Amino acid sequence: MANIFQSIRDFFSRIFSSSPSPNGLNNEATTAPLSQTQIEDIDKQSLKSQPPQLIAGSGRHVGRQRDNNEDALFSHTATIAVDSNDVPFGLYIVADGMGGHRNGEIASENAVRAMSSYVLGKLVEPLFGPNPGHPEESLQEIMHDGVIHAHQVIMENAPGGGSTLTAALVMGNQMTVAHVGDSRAYAVYFDGRMQVLTRDHSLVKRLEELGQITSDEAAVHPQKSMLYRALGQGEPSEPDVFNASLPQPGYLLICSDGLWGLVSDDAMFDIITAAPSPHKACQQLVDAANAAGGQDNIAVTLVRMSN
Amino acid sequence: MGVDETKSTALQLKPGDLLSGRYEVQEVVGVGGMGYVYRARDTNFKAIRLVAVKEMIAQVTDPLVRNNIAQIFEREANILATLRHPAIPRIYDYFTQGERSYLVMELVNGRDLDQLISETKEFFTEAQVMGWAIELCDVLSYIHSYEPEPIVFRDMKPSNVMINNQGHIILVDFGIAKVFQSGKKNTMIGTQGYSPPDQYRGEATPKVDIYALGATMHHLLTLRDPRLEAPFSFGERPIREINPEISEATIAVIDRALQYDPDDRFADAEEMKQALMAAAQKTGKLDITTVLTSSVVTSTKGLKPLWTFEVEDEIRGTPLIHDGKVYIGSYDNNLYALNAATGEFDWKYATEGGIPGRPAFYDNNIFVGSEDNRLYAISTRSGKMSWSHFTDGPVRSSPRIAEGHVFIGSDDGFLHAVNLTNGRLSWRAEAGTPVRSTPYVTDEFVYFGAEDGLFHCVSFRGDVKWTHKAKRAITSSPVVGGDAVYFGSMDGTIYAMDANTGWAIWRFRLGKGSISSPCLVDDYLYTGSTDNYIYCIDTRSSREVWRYETDHQVTSSPVIYKDAIYCGSVDGNLYCLEAKKGGLRWKFPTQGAVTGTPVIYDDVVYFGSTDKNVYALLA
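Here the protein sequences line up with chains A and B, keeping their order. Read left to right, the first sequence gives residues 915 to 1221 (this note's numbering). Read left to right, the second sequence gives residues 3 to 621 (this note's numbering).
One chain only, chain B, in its complex shape:
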């Protein structure tokens, strides 16, 4: 590197330190050339907003070098601030405190390619590398065509490419990217092994990035680190000799990018992308859609919870996130209110029974059912009870709020419609057996299942509109989408019913019964089953799109966030799967069963486990 590296171990910020009166440091997530990179929380937002804060410490005495560092910092800030591309982190803020300058930017949850290379035991697949390379071409095209002058990244290498948790590439460390000024000779900046000869002559044209991308692909496909080899010696390490799986078409693209003479390389990144796409199509085995959505499995050791909070008994329910707080019930009978950012205890409310469900919020109250037969309304301000409603059996259903009422089932065999403000019963619909499913309320009807297998559609006055009989209990909570209502049953079937008429549109057979509540996104339905699988079903054709096997029953309900599915399993893991293909992104182990539904808010996943802990993880 052409810039002095500064050791700054003694000056590392500690968790809790507040920068610029606003950014609360959580932990070190990386080391840059001139300081640390921290994950911090932007306390200006009540909701949790996590950011990356990159530090540059001018810890040198030579005023020339110090000046150089400060200039590099400002340049990075100014260039980055004007860039808008999904593969470039957004910049939010920058400021200087004494000798330290800070750049506040979008936090990328993921890992860099250098880390992935050092951890992998086998070669990356050709499709995987092609997918990354195509995305890198896209972002290079973007910066190379930047106005008024092209930006040359100048330091393309695995450690500057992050793969986020959605499997997409993010180009990081623009510290030495420089606005290209044609004709001028620039000082040498780059990394030996990845940089082309022309860069050593001080020329920084977009073609240096093309070479470095070729070098990066070579490294990924052969796992031979070019920094440990003689410069420009890729020709002596033919890819095929090291990794015979790689197609000729792909190798031809890389060879062209690695040409010694810049004129012999691709004219621009777009041309290289087209060549990659053509190679991908030619080899046939590369489905472009796979290429573009391919992802990495993050090993579990890389996943550290943001915080955990231990309660006194099992957690089987689902949290509610509202206004910077996590509300979750436990079998220790308490409803807990925790600070969502830190996991700090705020208050708890003791009921007289276990809390199996998910709380709901409305107008300064949290509503939750308890096995002590009651539905509670608890003030979010004081943590004190506003009212409670008695049923004649344990309440295992979760409250649903609509039309001035709380709708909730009880083991007393009724669905209760309770007035939101005073807790008085407005009406109840009789099911005759326990109602543990959580009702779904549309603007016309209330839908719920019962333990005798009867599914009910009732009007807001409690009149029966239609019913449908499954062979066994319906504990699963229904979801309505379009013209259909979907729910699972312990008879091993997922039902799609016309929400208006009660006609069965289709039935989907699972391996075993289900109490998981389906999650509907666009035309796809996701659900778990006691046959250990998480399923994705096409709601139009009722065909299975994919299924993923866990090591035990899936009684948790899947949720989707961005392009991933999150779901717990009795095997103790929380799983993150690609929504489209069902591939594993990562899993996080707990010491108990994960039976509740995870909740994701602002890129943080919250869930409980029967190991008595509440977890907050980066999604």
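Same shape as in the complex, but just chain A:
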């Protein structure tokens, strides 16, 4: 563990002792604390970092028309820089609950807690334990089993409730995604591509895939949030589990339909690429969803690799 703390110290010491920036902002930075602008400026410059590390931001908001927030999220980022291996590691989850009374909130909270504790539980020993190694199961098996576990927990704790779950486990340059429902994971590339990695498990999306309705019709369809797969609903839902490369340079974006249903891909792309940092971008994405009406709860998390 000492190594980790050392590396964190190294990281901060490097940031604070970084050479003056061309615009001179850092010239006065002899006394702490730095202003937010200064930190952002440094963050943007520190594109090349050693060890490579993940930078994540999150946003969550009740929206403008609901009383309770049924969206839940989880974000965990770790950097391990030791002799044998530098493995940037992170787990990011968005869950969007549904169901009467408080069941939606309970379902999404349980989804996020059950998934994160299951996956981290499997990885803590091989990653952070005294004898690092590799778990018995593959990453896809762990993510798959985590979703099944979350399903069972919701069935017990929130009968009648249900939840979407979109989770990404980033390990090095690649990520393992598990997905049920209509929250989405996107790969956002600086060259302008904004690629939806997940497939919405919604009836309307299915109709669109089958060519029965157009994407314009889908966007305004009255049943557009009706899901044919969700956690906590009857039989365990087989999650979609797949691997993809972490977009580099670019971002991984995970969000609920409270964001992607209200803000166009183009608008999201513009906000993400213009923002000074992932967490700023997330706040602006939430603002954009609220500006568009805020009909639903909003949850978003945004991740990029440092170099």
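Keep in mind the hints are simulated off the structure, nothing from the lab. Only true hints are included.
Computed beta-carbon distance windows for the label pairs:
(1) Val1110(A) with Arg463(B): 39 to 47 Å
(2) Ile1127(A) with Glu76(B): 52 to 60 Å
(3) Phe47(B) with Pro1040(A): 49 to 57 Å
(4) Glu29(B) with Asp1179(A): 51 to 59 Å
(5) Val1110(A) with Asp553(B): 36 to 44 Å
It should be emphasised that the depicted structure is a prediction, and the values quoted were computed from it without experimental measurement. Using N, Cα and C, we set each Cβ at its ideal position, and we do this for glycine too.
Given chain A, work out where chain B should sit, using these hints.
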């Protein structure tokens, strides 16, 4: 036909004849209206380039007819030379020698629809015929909108449509296609049964091709040859009465194309294509992607090897094709160098043990391992040994060349890194058990499996970066793509590991163990297993896309070429499967097991069999 057909059997060219000092005739592949069509090799290229040479013999005494033939030839050459479409053969050259004119063009490997009709025992599926028709509409649209004047094909019929080995249509025999000159009456050219009434009036508008396409589809769906029926009598042979499986929507399209009055037909080929697509969607059972990639299974009797070469014992290894030569090892202890075009023997080098692997080439040397414990470097020029490197066990792995070294495993329990120029050992990485898997070398690491089931990732100095334990031997050779390394094991699992960290990304269960080396193309992994199947796995989701069952173990490794997978089986066949769907295109039988990996180069597949033969087939 409006042109005299000339019999020319006496004057057929023989294999080996050289045309224009450049094209070496191999065999007759067809008979055209005015001469033969030959497959020939363009000797201007060192690599094998096969071409089709179409011959037109002005073997008539009447100077008017002779002139007519020569004109038709020039016209075909000139029109074809300017066309660029995947469904039209490319023209490379044309020339005249005495009374014979020759057109040199792209060789289409496949069969024409007339042959397929005569061989089929049952109806073609609606999806199949729709797929061909949609592609034919595309190529008709292309020639009909040709500038400055539309080209009317004028002789659309099954024998002028070839289906290549990728399952796509190719329009052949432009001999009578004529630049359409509106207002002028043209002489009647076409084929009775397929040609519309207006063509008999001497009108050659694009609408005659639409009618003939309708007639061709009718023939394909009913298997009733219109040449044997009264002209324009399709209305008397309703498709449904002969083949009740066909949908009304499709029949309506064909009926419209076959209208007696050209004005009642589709306005153009594009409109007909749209109608076909709409019909395909309406019937629901036709998945458009299937329609567009549908293919034909070529019967094995149609496949003749270009050449075979017999050695003295089994061939279990894989050939290497380099600079017009095939290099392949045999259990008769020899490494053979053969002429890739002809299969002629060039030289052989005798080792003192069987050669199970695949040779590699670098800088005038061929590198190969032998069960006599040695890695050899053999000069491609002389066939003599440049150096050899001794290990302490049989060498069953294949050499991999990178960073000035030959990397190769040995049954002595080490991976050897051998200096390319002098054969001296630079370092070796210890596995403790035989290393039969062929290493994969990236710009950072070397990956290889061992017989105790341990998979190794080592640096260029031989330091261990990570290892992973499978339950049984890893004989399969790894492949790296993106961030992952993939390999199979005798424990019946395909592993996808993060190439950098050694974390398992996914595991895929096969029915039984595998020693086949996976082949990675885009997001798909192809591999064989001793459960007799060839698998296609989506590397993102680790799900099976398709699998194809052979009659015995698949220890050969699949390779992809264009849109097909080629793989051998212990059942003795070499299989050619559609890469996307796993459908059989063709299989070629040998008298032994095919355990090595086929190699495809310039549309020719090379492989060995335990029946002691090396085969060269058209892909």
